[in-house]
Amino acid sequence: MPPEDDWQRLAGWTAVVSPISTLRQAIVPVVVGAFGAGQANPLIGLLVAVGIAMVAAVIGLIPWLTTRYRVTPTHLEVRKGLLNRTTLTARLDRVRSVDLNSTLVHRALGVTKVSVGTGVDEGQINLDSLTKDAAARLRRELLHATPSPSATDPVEASGDNASTVAAPARDVAPGPITDDGEVIARLDWSWIKYAPLNLKNLAIAIGGLAAFFGAFSELIPWERTIGIRVDDGEINGRPIESFLDMLLFAIPIALVVAVLVWAAGSCVGYVVRWWDLQVVREQGREGTTLRRSFGLTSTRATTVEEAKVRGATSTVGPLIGLAGGADLNLLTTGLDDNFPAVLPTAPESVVSTVGKDILGEDAFSAPLTGHGPLPRRRYWFRALIGTAIGTSVTLVLTVLIGVYGDLWLWWLPLAVLVVGLFFELLGAELAYRHLGHALTERYLVVRAGSFTTVRTALQTEGVIGWRVKQSFFDRRLGLAQVTAMTAAGREHVEVPDVPLETAVALATAATPRTVSEFVE
Amino acid sequence: MTSAIGAVFWLAFAIGAVVAALLVPSGWWTWLIWLAVVLLLLAPIPGLTFVPSVRFRIHRWEVTEIAVHVRHGWLTVVDEIVPLSRVQTVDSTQGPLMRHFGLRTVKVSTASSAGIVEIACLDDALALEVVAKLVAITAATPEDAT
Numbered sequence: 001m002p003p004e005d006d007w008q009r010l011a012g013w014t015a016v017v018s019p020i021s022t023l024r025q026a027i028v029p030v031v032v033g034a035f036g037a038g039q040a041n042p043l044i045g046l047l048v049a050v051g052i053a054m055v056a057a058v059i060g061l062i063p064w065l066t067t068r069y070r071v072t073p074t075h076l077e078v079r080k081g082l083l084n085r086t087t088l089t090a091r092l093d094r095v096r097s098v099d100l101n102s103t104l105v106h107r108a109l110g111v112t113k114v115s116v117g118t119g120v121d122e123g124q125i126n127l128d129s130l131t132k133d134a135a136a137r138l139r140r141e142l143l144h145a146t147p148s149p150s151a152t153d154p155v156e157a158s159g160d161n162a163s164t165v166a167a168p169a170r171d172v173a174p175g176p177i178t179d180d181g182e183v184i185a186r187l188d189w190s191w192i193k194y195a196p197l198n199l200k201n202l203a204i205a206i207g208g209l210a211a212f213f214g215a216f217s218e219l220i221p222w223e224r225t226i227g228i229r230v231d232d233g234e235i236n237g238r239p240i241e242s243f244l245d246m247l248l249f250a251i252p253i254a255l256v257v258a259v260l261v262w263a264a265g266s267c268v269g270y271v272v273r274w275w276d277l278q279v280v281r282e283q284g285r286e287g288t289t290l291r292r293s294f295g296l297t298s299t300r301a302t303t304v305e306e307a308k309v310r311g312a313t314s315t316v317g318p319l320i321g322l323a324g325g326a327d328l329n330l331l332t333t334g335l336d337d338n339f340p341a342v343l344p345t346a347p348e349s350v351v352s353t354v355g356k357d358i359l360g361e362d363a364f365s366a367p368l369t370g371h372g373p374l375p376r377r378r379y380w381f382r383a384l385i386g387t388a389i390g391t392s393v394t395l396v397l398t399v400l401i402g403v404y405g406d407l408w409l410w411w412l413p414l415a416v417l418v419v420g421l422f423f424e425l426l427g428a429e430l431a432y433r434h435l436g437h438a439l440t441e442r443y444l445v446v447r448a449g450s451f452t453t454v455r456t457a458l459q460t461e462g463v464i465g466w467r468v469k470q471s472f473f474d475r476r477l478g479l480a481q482v483t484a485m486t487a488a489g490r491e492h493v494e495v496p497d498v499p500l501e502t503a504v505a506l507a508t509a510a511t512p513r514t515v516s517e518f519v520e
Numbered sequence: 521m522t523s524a525i526g527a528v529f530w531l532a533f534a535i536g537a538v539v540a541a542l543l544v545p546s547g548w549w550t551w552l553i554w555l556a557v558v559l560l561l562l563a564p565i566p567g568l569t570f571v572p573s574v575r576f577r578i579h580r581w582e583v584t585e586i587a588v589h590v591r592h593g594w595l596t597v598v599d600e601i602v603p604l605s606r607v608q609t610v611d612s613t614q615g616p617l618m619r620h621f622g623l624r625t626v627k628v629s630t631a632s633s634a635g636i637v638e639i640a641c642l643d644d645a646l647a648l649e650v651v652a653k654l655v656a657i658t659a660a661t662p663e664d665a666t
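Residue numbers (this note's numbering), protein chains in the order written: chain X, 1 to 520; chain D, 521 to 666.
Source of the hints: derived by calculation from the structure; they are not laboratory data. Some clues are possibly wrong.
With beta-carbon atoms standing in for the labels, derived distance ranges [as the list claims (entries may be wrong)]: (1) D/E638 - X/F472: 43 to 53 Å; (2) D/W554 - X/P512: 52 to 62 Å; (3) D/A656 - X/E361: 35 to 45 Å; (4) D/A563 - X/E361: 51 to 61 Å.
Once the Cα atoms are required to be at most 20 Å apart in a straight line, the calculated DMTMM-like pairs of lysine to aspartate or glutamate come out as [said to hold, decoys possible]: (5) X/K469 - D/E582; (6) D/K627 - X/D276; (7) X/K469 - D/E585; (8) X/K132 - X/D276.
Backbone N, C-alpha and C define an ideal beta-carbon position, used for all residues, glycine too.
The whole structure should be built from the sequences, with the hints applied where relevant.
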């Protein structure tokens, strides 16, 4: 093994991995170009393809030839670039997260991509790719190395010339790194039942399918593949009316098939994505770190300093909630993704146990203070107004259709009224029931939402300001919309529809030093 | 002042609507276009008459050793409090109109994108004084700003 302060290269397989990833971005123009040229003359097409492959190979070699990195006792330094030589330097005590990502190609070649987050917004340092051992060693050096004497010195004094200081011997164990640490959570295969209930993924899947057919519908030979030819008012030469009876059976069958396909597909997707999920707490350079690793074909391992965690949210979606599940996200500062999911959708008991473990206290189960009768009145009133507007619009449309189209859909406004009223009032009541807040020893806890409920626990330490908003109607009712500003997560936590006195009391209690002097 | 600029835009829209009303062939929709013209002409009136004074009456600010507190708005009233220990940058801006009237806006930003607080349209000299004071206090508070 070379000495620690020597510049190190990327793995040799980089020369294979980077052209593939370069090519993958350019695959469509390449195929189109080669195909276009090949139609005129097959030889030229072949030459074009070979030429592009060679260019890609040369481009792929450049990172391997030009990138070097090293870890000094105080800094991570990376040099890269062919014409523009750049040197990236990151202080080790500013390294906040280390991600190891490998696609299928990476895994086949035994390499991985390393991304180092330093708390600067665009400051991810990427090393694509390192061998598995080198990556694990780098991760350990960045986050977990026992600080050597020179590294524990106050770094502020001479951060810049640290690279010239000779690196003393460091007690980093060479060779494969064993997974030591306390396992906080592990994937339980019974959680797979939540996969088909994830409406967000369903929307993404439908959107993807729609985009696919939108783009390629011209190219699919419907007539030849499934034997359907649609002409003016006729299908396969027979009038459309003769198919309407068939549709009565076909639509339910199609729906059942779609549900089954979705159930199976989402479960397979779930297995591939979350395979071997583990959340592990390890001892880091300064305090503990959390590491989450998962994946079957492509694997991801994310390590985050626990000191950057300012809170967490637990989200209960509409269907998932009925099945007793919830999502757990962290609120962190200074990471690339400040709202990272800790687990896939899991039973609420698991979410609350893991949440309690990470938050350090049982903030999610803290008893909440409701916001009094006024929000309920407001939500019911809004629900009634909404239904009234929806119904009258439908009524007008129905009359218009009736007058001009001579088609009286008298049941339509009635249906809108009944269904709309039911869901609007249900939503209003749920929104009111879910509304609440609490202040525990270290956390501000807020719950809000109607069909999707979000419970947020934010460290009062992490609150960096308050905004109290009162619209005209708010002032008449004496309610206020409170925002706790924070650098963590989505950067703000809303406490909606709080009585003003409660809002002031809450802000005063959460950040006494700041607010108390302004309370009249 | 901003409402005056806004009024110019509304006027431009109104003129556009008049042109449209004259150019578009008349039909049942003609009265709708004239209605739009009237509304566009009426729209800036509150902004030119009583809104500025209401805004001015509501707007207040306070900088202490510990925090900045600003209240602004007219229909919706917003109170903002940011402790100085969490302030990251202090800016002051001055547009051409503001320069003419000798005004300056002080902008206090924190580590949160939701945490930007503006003290709008202070007297130039006062604004610079506030900036100097804020910078002095925030520099003296050693806490981490996140």
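The hints, checked one at a time:
{"no.": "1", "hint": "D/E638 - X/F472: 43 to 53 Å", "verdict": "violated (22 Å)"}
{"no.": "2", "hint": "D/W554 - X/P512: 52 to 62 Å", "verdict": "holds (59 Å)"}
{"no.": "3", "hint": "D/A656 - X/E361: 35 to 45 Å", "verdict": "holds (38 Å)"}
{"no.": "4", "hint": "D/A563 - X/E361: 51 to 61 Å", "verdict": "holds (53 Å)"}
{"no.": "5", "hint": "X/K469 - D/E582", "verdict": "holds (18 Å)"}
{"no.": "6", "hint": "D/K627 - X/D276", "verdict": "violated (49 Å)"}
{"no.": "7", "hint": "X/K469 - D/E585", "verdict": "violated (24 Å)"}
{"no.": "8", "hint": "X/K132 - X/D276", "verdict": "holds (18 Å)"}
Comparing the model with each earlier hint shows violations of hints 1, 6 and 7; every other hint is respected.
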